[in-house]
Amino acid sequence: MSKNKGLTLSEIVMALGLLTVISLAVIGVFTKLLSASTKNTDRTAAHLLAQSALDKAARQGPPDWGFGLSGSTGTASISDKLSTNNDQTETEFTTTITVGKVTDADPKIYLGNLYDVTVSVSWWGKKRQGLGRLSTETSRTVYIRQ
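Counting in numbering that gives the first Met the number 0, the sequence shown runs from 0 upward without gaps.
These aren't lab readings, by the way, just hints derived from the structure by calculation.
These figures come from a predicted structure and were not determined experimentally.
Mixed in with the good hints there might be a few duds.
In silico EDC-like links for lysine to aspartate or glutamate, alpha-carbon gap of 16 Å or less [as the list claims (entries may be wrong)]:
1) K100 <-> D115
2) K4 <-> E89
3) K80 <-> D63
4) K55 <-> D115
5) K38 <-> D115
6) K55 <-> E89
DEER-style ranges, computed between Cβ atoms [said to hold, decoys possible]:
7) G111 <-> G73: 28 to 34 Å
8) D115 <-> T30: 37 to 43 Å
9) S34 <-> T93: 19 to 25 Å
10) G99 <-> I26: 48 to 54 Å
11) G27 <-> T74: 40 to 46 Å
The beta-carbon is built from N, C-alpha and C at its ideal position, and this holds for glycine as well.
Build out the structure end to end from the sequences listed, making use of the hints.
Here it is in structure tokens:
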């Protein structure tokens, strides 16, 4: 007499359960990686936008710094919608420029003024939860000759 050696029903159910748990864990990890990749893409676009705005402000200089400020110091904001991925969704980036005077130049002593130019770019993703801080900031001290 020979015995058939095979898997019992309980062993098959246990194997399928274990396979399901492992599959769900792998899907969860890939979902987190995709979310992190999207945030990193948005952060890179925001950093490039901030750097571009800072370069523009430093080139233009007072009185409006290229952003329509009412005086040589103050704050101005603009909003842009950009597509950061190769899809149809657009992310709205808000760029805020803040200019403050570091020194008041005495024309008898100094030849110009120092300004602290700060550009902050923030955005709001569709899936906000778990993404952390959605803004970036960069600044530069700009010397303007009189």
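Against the structure, the hints:
no. : hint                     : verdict
1   : K100 <-> D115            : holds, 6 Å
2   : K4 <-> E89               : violated, 60 Å
3   : K80 <-> D63              : violated, 23 Å
4   : K55 <-> D115             : holds, 14 Å
5   : K38 <-> D115             : violated, 29 Å
6   : K55 <-> E89              : violated, 24 Å
7   : G111 <-> G73: 28 to 34 Å : violated, 19 Å
8   : D115 <-> T30: 37 to 43 Å : holds, 42 Å
9   : S34 <-> T93: 19 to 25 Å  : holds, 22 Å
10  : G99 <-> I26: 48 to 54 Å  : holds, 49 Å
11  : G27 <-> T74: 40 to 46 Å  : holds, 42 Å
Violated hints for the displayed structure, listed by number in ascending order: 2, 3, 5, 6 and 7.
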